[in-house]
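K.L.:
So the chains spell out like this:
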Amino acid sequence: DIVMTQSPDSLAVSLGERATINCKSSQSVLCFSNTKHCLAWYQQKPGQPPKLLLYWASTRESGVPDRFSGSGSGTDFALTISSLQAEDVAVYYCHQYYSTPQTFGQGTKLEIK
Amino acid sequence: QITLKESGPMLVKPTQTLTLTCTFSGFSLSTSGVAVGWIRQPPGKALEWLAFISWNDDNRYSPSLKSRLTLTKDTSRNQVVLTMTNVDPVDTGTYYCAHCTSSATYYDYWGPGTLVTVSS
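Chains as they are written, first to last, in our numbering: chain A, 1 to 113; chain B, 1 to 120.
Hints in this document: simulated from the structure, not taken from any laboratory. Please note: incorrect hints may appear among the correct ones.
Below, computed lysine-lysine pairings styled on BS3-like, alpha-carbon distance capped at 27 Å [said to hold, decoys possible]:
id	chain 1	residue 1	chain 2	residue 2
1	A	LYS109	B	LYS45
2	A	LYS113	A	LYS51
3	B	LYS5	B	LYS66
4	A	LYS45	B	LYS5
5	A	LYS109	A	LYS45
6	A	LYS51	A	LYS109
7	A	LYS24	A	LYS51
8	B	LYS66	B	LYS13
9	A	LYS24	A	LYS45
10	A	LYS24	B	LYS73
11	A	LYS51	B	LYS73
12	B	LYS73	A	LYS113
13	B	LYS45	A	LYS51
14	A	LYS45	B	LYS45
15	A	LYS51	B	LYS5
16	B	LYS13	B	LYS73
17	B	LYS73	B	LYS5
18	B	LYS45	B	LYS5
19	B	LYS45	B	LYS66
20	A	LYS36	A	LYS113
21	A	LYS24	A	LYS109
22	A	LYS24	A	LYS113
23	A	LYS24	A	LYS36
24	A	LYS36	A	LYS51
Just so you have them, the derived chain B footprint on chain A, three or more residues with Cβ under 8 Å [claimed, not checked]:
id	segment
25	65-75
26	85-99
Think of the CB as a built atom: it goes at the ideal place given N, C-alpha and C, for glycine as much as any other residue.
With these hints in hand, go ahead and build the complete structure from the sequences.
P.N.:
Structure follows, in structure tokens:
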């Protein structure tokens, strides 16, 4: 199984500041003839299902604000929120869909400082 | 517009069989490339992938649960049924079904989830 490890487990950032969440996979998730990374990011607020933010590591889902961006390659990836808004308080998960069993990171709780 | 909704018992006794139904709209599981996955989340814990079922019955299961899980689809009723045998209290959690495509299995639409408690 591919192990997804996120860091940090929790993060407190001031409103308007940048927030970065990291995700490391135990093996490469480069897929599709070595052109894309099979990695997605989700946002989950209390009592709600996860919401897809990014896929192929850096492609923003329709309707997701452009302050959310994804980067990385190989085994190291990051989700960045360029200017934190109050509504961004949530738990964030990375997810590899390169192979089954699909696996998720343990989650990163993002709060306002 | 794609929607999904999970249904099933809220409380199940240990060793019993759990049957959950995902009823969806806005897509068909008879359409090439479509798939539906199941993911669960114990209270206060992370997401865990369980399985997915594809339009062509190319089903995949978590190896740790494969002996206990079965996925079936009813394309005429737009439903997917997840069956889990011999449940245990560790199976307690919120169960989600979600839409994906068989070529890119990230989950773009999710149901609201259903909380299942396993307890005697």
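K.L.:
Against this structure, judge whether each hint is valid.
P.N.:
Going through the hints against the structure:
For the proposed pair A:LYS109 and B:LYS45, the alpha carbon gap of about 11 Å is at most 27 Å, so the pair holds. Of the supplied pair hints, the one linking A:LYS113 and A:LYS51 holds, its CA atoms being roughly 23 Å apart against a limit of 27 Å. Between B:LYS5 and B:LYS66, the direct Cα distance comes to roughly 23 Å. Compliance with the 27 Å bound is thereby established for this hinted pair. For the suggested pair A:LYS45 and B:LYS5, the alpha carbons sit about 18 Å apart, so the restraint of at most 27 Å is met.
Proposed proximity of A:LYS109 and A:LYS45 is supported: the alpha carbons are some 10 Å apart, at most 27 Å. With a CA separation close to 15 Å, the supplied pair A:LYS51 and A:LYS109 stays within the 27 Å bound. Distance restraint check for A:LYS24 and A:LYS51: the Cα-Cα separation of roughly 20 Å lies within the 27 Å cut-off, and the hinted pair is therefore satisfied. Simply put, B:LYS66 and B:LYS13 have alpha-carbon atoms about 20 Å apart, close enough for the 27 Å limit, and the pair holds.
The hinted pair formed by A:LYS24 and A:LYS45 meets the criterion: a straight-line CA distance of about 23 Å does not exceed 27 Å. A C-alpha spacing of about 35 Å is found between A:LYS24 and B:LYS73, which places the hinted pair above 27 Å, so the restraint is violated. Straight-line distance between C-alpha atoms of A:LYS51 and B:LYS73 comes to about 24 Å, which keeps the hinted pair within the 27 Å bound. With a C-alpha separation of about 47 Å, the suggested pairing of B:LYS73 with A:LYS113 is violated against the 27 Å cut-off.
Our distance criterion of 27 Å between C-alpha atoms is met by B:LYS45 and A:LYS51, whose separation comes to about 16 Å. Under the criterion of a C-alpha separation no larger than 27 Å, the hint pairing A:LYS45 with B:LYS45 is consistent with the structure, at around 13 Å. This hinted pair checks out: A:LYS51 and B:LYS5 have alpha carbons roughly 15 Å apart, not beyond 27 Å. Between B:LYS13 and B:LYS73 the CA atoms are separated by roughly 25 Å; this keeps the pair inside 27 Å, and the hint holds.
Distance check on the hinted pair: B:LYS73 and B:LYS5 sit about 14 Å apart at the alpha-carbon level, within 27 Å; holds. Distance restraint check for B:LYS45 and B:LYS5: the Cα-Cα separation of roughly 21 Å lies within the 27 Å cut-off, and the hinted pair is therefore satisfied. This hinted pair checks out: B:LYS45 and B:LYS66 have alpha carbons roughly 21 Å apart, not beyond 27 Å. For the given pair, A:LYS36 sits about 35 Å from A:LYS113 by alpha-carbon distance, which is inconsistent with the 27 Å threshold.
Under the criterion of a C-alpha separation no larger than 27 Å, the hint pairing A:LYS24 with A:LYS109 is consistent with the structure, at around 17 Å. For the hint pairing A:LYS24 with A:LYS113, the CA-to-CA distance comes to about 25 Å; that is within 27 Å, so the pair holds. Proximity of A:LYS24 to A:LYS36 is assessed by CA-CA distance (about 16 Å); at most 27 Å being required, the pair is judged to hold. About 21 Å separates the Cα atoms of A:LYS36 and A:LYS51, which keeps this hinted pair within 27 Å; it holds.
For the segment 65-75 of chain A, the stated coverage by chain B is violated: 0 residues have a C-beta nearer than 8 Å to a C-beta of that chain, whereas at least 3 were required. Using a Cβ-Cβ cut-off of 8 Å, 3 residues of the segment 85-99 of chain A lie near chain B, which meets the minimum of three, so the contact claim holds.
In this structure, the hints that do not hold are numbers 10, 12, 20, 25, in rising order.
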